[in-house]
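Enquirer: Residue numbers (my numbering), protein chains in the order written: chain A, 32 to 290; chain B, 32 to 290; chain C, 32 to 290; chain D, 32 to 290.
Just so you know, these hints were derived from the structure itself, not from any lab. Be careful, since some hints might not be right.
Any copy, or any two copies together, can satisfy a pair, since identical chains are not distinguished.
Quick list of in silico lysine-lysine cross-link-like pairs, DSBU-like style, CA-CA up to 35 Å [what the hints assert, rightly or not]:
1. LYS220 x LYS76
2. LYS74 x LYS172
3. LYS220 x LYS150
4. LYS150 x LYS172
Everything numeric in this text was worked out from a predicted model, so none of it was measured.
4 protein chains.
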Amino acid sequence: MSESSWNTSITEINPNEVRLRGYRIDELMGRVTFGQAVYLALKGKLPSSEVGSLMDAILVCSIDHGATPPSALAARTAASTGASLNAAVAAGLLSINRYHGGAIEDCMMVLEMGIERAKDSGQEFVEVAGELVEEYRAAKKRIAGLGHRIHTQDPRTHRLFALAEEAGITDRGVEMIRALQGAMAAAGKELPINVDGAIAALLVDMDIPREIGNAFFMMARVPGLVAQVHEEQSRERPMRRIHPTDHIYDGPEARSLPE
Amino acid sequence: MSESSWNTSITEINPNEVRLRGYRIDELMGRVTFGQAVYLALKGKLPSSEVGSLMDAILVCSIDHGATPPSALAARTAASTGASLNAAVAAGLLSINRYHGGAIEDCMMVLEMGIERAKDSGQEFVEVAGELVEEYRAAKKRIAGLGHRIHTQDPRTHRLFALAEEAGITDRGVEMIRALQGAMAAAGKELPINVDGAIAALLVDMDIPREIGNAFFMMARVPGLVAQVHEEQSRERPMRRIHPTDHIYDGPEARSLPE
Amino acid sequence: MSESSWNTSITEINPNEVRLRGYRIDELMGRVTFGQAVYLALKGKLPSSEVGSLMDAILVCSIDHGATPPSALAARTAASTGASLNAAVAAGLLSINRYHGGAIEDCMMVLEMGIERAKDSGQEFVEVAGELVEEYRAAKKRIAGLGHRIHTQDPRTHRLFALAEEAGITDRGVEMIRALQGAMAAAGKELPINVDGAIAALLVDMDIPREIGNAFFMMARVPGLVAQVHEEQSRERPMRRIHPTDHIYDGPEARSLPE
Amino acid sequence: MSESSWNTSITEINPNEVRLRGYRIDELMGRVTFGQAVYLALKGKLPSSEVGSLMDAILVCSIDHGATPPSALAARTAASTGASLNAAVAAGLLSINRYHGGAIEDCMMVLEMGIERAKDSGQEFVEVAGELVEEYRAAKKRIAGLGHRIHTQDPRTHRLFALAEEAGITDRGVEMIRALQGAMAAAGKELPINVDGAIAALLVDMDIPREIGNAFFMMARVPGLVAQVHEEQSRERPMRRIHPTDHIYDGPEARSLPE
Numbered sequence: 032m033s034e035s036s037w038n039t040s041i042t043e044i045n046p047n048e049v050r051l052r053g054y055r056i057d058e059l060m061g062r063v064t065f066g067q068a069v070y071l072a073l074k075g076k077l078p079s080s081e082v083g084s085l086m087d088a089i090l091v092c093s094i095d096h097g098a099t100p101p102s103a104l105a106a107r108t109a110a111s112t113g114a115s116l117n118a119a120v121a122a123g124l125l126s127i128n129r130y131h132g133g134a135i136e137d138c139m140m141v142l143e144m145g146i147e148r149a150k151d152s153g154q155e156f157v158e159v160a161g162e163l164v165e166e167y168r169a170a171k172k173r174i175a176g177l178g179h180r181i182h183t184q185d186p187r188t189h190r191l192f193a194l195a196e197e198a199g200i201t202d203r204g205v206e207m208i209r210a211l212q213g214a215m216a217a218a219g220k221e222l223p224i225n226v227d228g229a230i231a232a233l234l235v236d237m238d239i240p241r242e243i244g245n246a247f248f249m250m251a252r253v254p255g256l257v258a259q260v261h262e263e264q265s266r267e268r269p270m271r272r273i274h275p276t277d278h279i280y281d282g283p284e285a286r287s288l289p290e
Numbered sequence: 032m033s034e035s036s037w038n039t040s041i042t043e044i045n046p047n048e049v050r051l052r053g054y055r056i057d058e059l060m061g062r063v064t065f066g067q068a069v070y071l072a073l074k075g076k077l078p079s080s081e082v083g084s085l086m087d088a089i090l091v092c093s094i095d096h097g098a099t100p101p102s103a104l105a106a107r108t109a110a111s112t113g114a115s116l117n118a119a120v121a122a123g124l125l126s127i128n129r130y131h132g133g134a135i136e137d138c139m140m141v142l143e144m145g146i147e148r149a150k151d152s153g154q155e156f157v158e159v160a161g162e163l164v165e166e167y168r169a170a171k172k173r174i175a176g177l178g179h180r181i182h183t184q185d186p187r188t189h190r191l192f193a194l195a196e197e198a199g200i201t202d203r204g205v206e207m208i209r210a211l212q213g214a215m216a217a218a219g220k221e222l223p224i225n226v227d228g229a230i231a232a233l234l235v236d237m238d239i240p241r242e243i244g245n246a247f248f249m250m251a252r253v254p255g256l257v258a259q260v261h262e263e264q265s266r267e268r269p270m271r272r273i274h275p276t277d278h279i280y281d282g283p284e285a286r287s288l289p290e
Numbered sequence: 032m033s034e035s036s037w038n039t040s041i042t043e044i045n046p047n048e049v050r051l052r053g054y055r056i057d058e059l060m061g062r063v064t065f066g067q068a069v070y071l072a073l074k075g076k077l078p079s080s081e082v083g084s085l086m087d088a089i090l091v092c093s094i095d096h097g098a099t100p101p102s103a104l105a106a107r108t109a110a111s112t113g114a115s116l117n118a119a120v121a122a123g124l125l126s127i128n129r130y131h132g133g134a135i136e137d138c139m140m141v142l143e144m145g146i147e148r149a150k151d152s153g154q155e156f157v158e159v160a161g162e163l164v165e166e167y168r169a170a171k172k173r174i175a176g177l178g179h180r181i182h183t184q185d186p187r188t189h190r191l192f193a194l195a196e197e198a199g200i201t202d203r204g205v206e207m208i209r210a211l212q213g214a215m216a217a218a219g220k221e222l223p224i225n226v227d228g229a230i231a232a233l234l235v236d237m238d239i240p241r242e243i244g245n246a247f248f249m250m251a252r253v254p255g256l257v258a259q260v261h262e263e264q265s266r267e268r269p270m271r272r273i274h275p276t277d278h279i280y281d282g283p284e285a286r287s288l289p290e
Numbered sequence: 032m033s034e035s036s037w038n039t040s041i042t043e044i045n046p047n048e049v050r051l052r053g054y055r056i057d058e059l060m061g062r063v064t065f066g067q068a069v070y071l072a073l074k075g076k077l078p079s080s081e082v083g084s085l086m087d088a089i090l091v092c093s094i095d096h097g098a099t100p101p102s103a104l105a106a107r108t109a110a111s112t113g114a115s116l117n118a119a120v121a122a123g124l125l126s127i128n129r130y131h132g133g134a135i136e137d138c139m140m141v142l143e144m145g146i147e148r149a150k151d152s153g154q155e156f157v158e159v160a161g162e163l164v165e166e167y168r169a170a171k172k173r174i175a176g177l178g179h180r181i182h183t184q185d186p187r188t189h190r191l192f193a194l195a196e197e198a199g200i201t202d203r204g205v206e207m208i209r210a211l212q213g214a215m216a217a218a219g220k221e222l223p224i225n226v227d228g229a230i231a232a233l234l235v236d237m238d239i240p241r242e243i244g245n246a247f248f249m250m251a252r253v254p255g256l257v258a259q260v261h262e263e264q265s266r267e268r269p270m271r272r273i274h275p276t277d278h279i280y281d282g283p284e285a286r287s288l289p290e
């Protein structure tokens, strides 16, 4: 082993064999969903099938949010100049930061802080949540994960929590964000738990490291960015002026999944 | 409708409602896998459950290929300087190009050219494949999708083709790549169909536009890049010299899926 | 020398000594302008002081073109989400492609083709230019480097050609683009040589490889992108909707250089 | 003025006229160097000719540092996969962060903190510097801008300080970094002021906002990255394994500027 040698625990490559965290990729194919494989890649172990479903749901729920978010606009702007697909998607990814897609990690931080404080002080979550809401108000800061520009009831939150319940992973993360929501309401501000807050709570409960919290938004959104870039390059002329909001949906009409 | 107004057919946003290609996202969550949602986002319609499984398998098979590919090394190099997660992943994406991850589209082009020529000339696929192999040899060009630096039998190809068979989508794409493989063998060169070639054939048979062929590699690899970046930043010291091949796998031992 | 060893001819690093193409960096500092150093880095030799001035002028002329170009909008969009400076500038760079900033290389290609054809056929430039204009019209293609969306007389072109004249580098590149402009006019279309066309002609005459033609636009524009990103982050609120054209200049009033 | 209208103070575009901070670009061309134009773009006013020379020197000194820095390796890695020039340069830019190219801003922060503290407390710089060195040692943190992995005397620092002296801008930034260097030496650690530290001190003295401190490294390095990418794509085969240090300089021999 030379001086420059280093280690990795993700994937092992041998002739005719690729193993992800110990499992043969070709054995995984057709037997696990992509959501399950993502969990395996990041956590190093296979999820139960229910947790796997939850992972798929977390990815599905953020796959696209239309053409208005900055990541879509940056990707379309690059695409409009003739960028290759990967470069346009990269421009989109570079627009996922603190103020867009960053609420997951910010919310995880608050939740972890609250949980820690309850543990250290022996207080109830409700009490801790009340304190935190008070502190954030005093500092004139928003608590990430609560409230939404457009949605007064984020339809994705309810679904995520139901699936988490089924998977049996609901724990202190969910408890704490509900306590915070309650404390806000008690302080006179009724706010929905938004999709970022819901994901944050579930990642805390699945023991996913905070540093990769926003990665779930990124992984989910990449296919959406691909769709945005492809639509831009196949439907619009190069170098058009892209108005950030003045567009109209003309895709398939509202429809329901088959029973 | 103002002069600057434009259209999009991907996602419709209304208060408390997000619809992807007409379906409510919260209805999709828990009922479709991420692979199925990707198909919906890009094709505009839901896949059958078997085609959905195939989509998941296509994404699973390319999720990671260790620390040696340039996309992993570029992402780790950026990560090592203290890049944020999205920036490091973007550096990885920018290293997915013609020579790395680009074989899907190049192979789709050959397959579509062969299919077109068979249709125009009325020749059998075997005949057309023989001609193409001859022409590529004369031009001293490789046919993308055949052969692999490491794997003499790509274990992922066999699995993809089996799943495609189950999904009932196997068609002229698969037929043409097999004809090309046969023509190469007849010309004295036994080469495996590699994973890019297999994906290319299946995308042709699922009628996915060639311009987004490489997107399947990108979407699949993003979680792998997240894992590589996270490992770099949690396990290694900043600014280390990253040897491109001299690393050792020290993750979970080889194991099999539970029955 | 190990198997993996490779060579580079740009910069030599030794303790207490950095040499760019053979010259000590600390000796260059204060004695050459950045434009001259760019020429040295890319061509491997020092320019005359007149050619150095021309290089500075080429960089100065593209340093910024306001907030409307896609590179500025993509950089501002990323910046608006809280991107770090390098990430926002990278998003801008990724929006410099064929349709924006790409005219330099496209024009160099036409000029080199014309020069080559004149050499091979023994024709005058005027004749070749007439043929090319005819061919492009027949193919319904524009000749890059002629015409501008906003400027009917690009004020930067005249200045570049005057400086090139002073530097004594005016040669077949400039001659050919003027021949093309003349042939267009003869065909009934009066078009200015735009700044990309002027730069293209001068790069041909300075024997700069075409593959790095667009790099001059990129190198020049990076400081402009820095200014755009800094203004966005210091003057605007995060996540605002960035209208692509509806902005007003409120900087210093029109003024002239001191004598 | 519509609701979405916004303001910019950088560049004004009118037909046949481009004005940077009030000055016609075509008037600037040939009369100011690129370094002077960068100062104008970022500060909003023209530098004196001496300060302009200093700006050029700041850019020249960081134009390239060979093939070993992560920004060069990331750019080469992307280039090696067939990336377009802008994408490869972007991958390089994304590798300029806290641990590489980030020392300028970190050092500016220490200098500004020290200057502020001296002002508030009425202490001499030497005293404040002694305190800061003590505090950093206690916290086991390095002071950015002092020390270098390779150079025991950074040849670029001396030159920058001499040019700043000529330009008459040497002020409290330079005074403070020298005080810190002295305090370190007094504490038993002789360290050179490195090029980042020197630039940091001069930017403080020129009253450049700290948020764009690292931009000077980025703007300077882009041409170096262009040279690295171009060399990679013109000299090496695609997808080679790029050893991070095992390369040899084979460019022009050591030479001196003509008198």
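Enquirer: The structure should be examined with respect to each hint, and the outcome stated for every one.
Expert: Outcome of the hint check:
1. Taking the shortest Cα distances, LYS220 and LYS76 never come within 35 Å of each other, neither inside one copy (41 Å) nor across copies (40 Å).
2. Taking the closest pair of Cα atoms, LYS74 and LYS172 come within 35 Å of each other both inside a single copy (32 Å) and across two copies (32 Å).
3. Taking identical chains as interchangeable, the C-alpha atoms of LYS220 and LYS150 lie at most 35 Å apart only when both belong to the same chain, with a minimum of 27 Å there against 44 Å between chains.
4. For the homomeric pair LYS150 and LYS172, the shortest alpha-carbon distances inside one copy (24 Å) and between copies (31 Å) are both at most 35 Å.
In terms of the numbered hints stated before, the structure departs from hint 1 and from no other.
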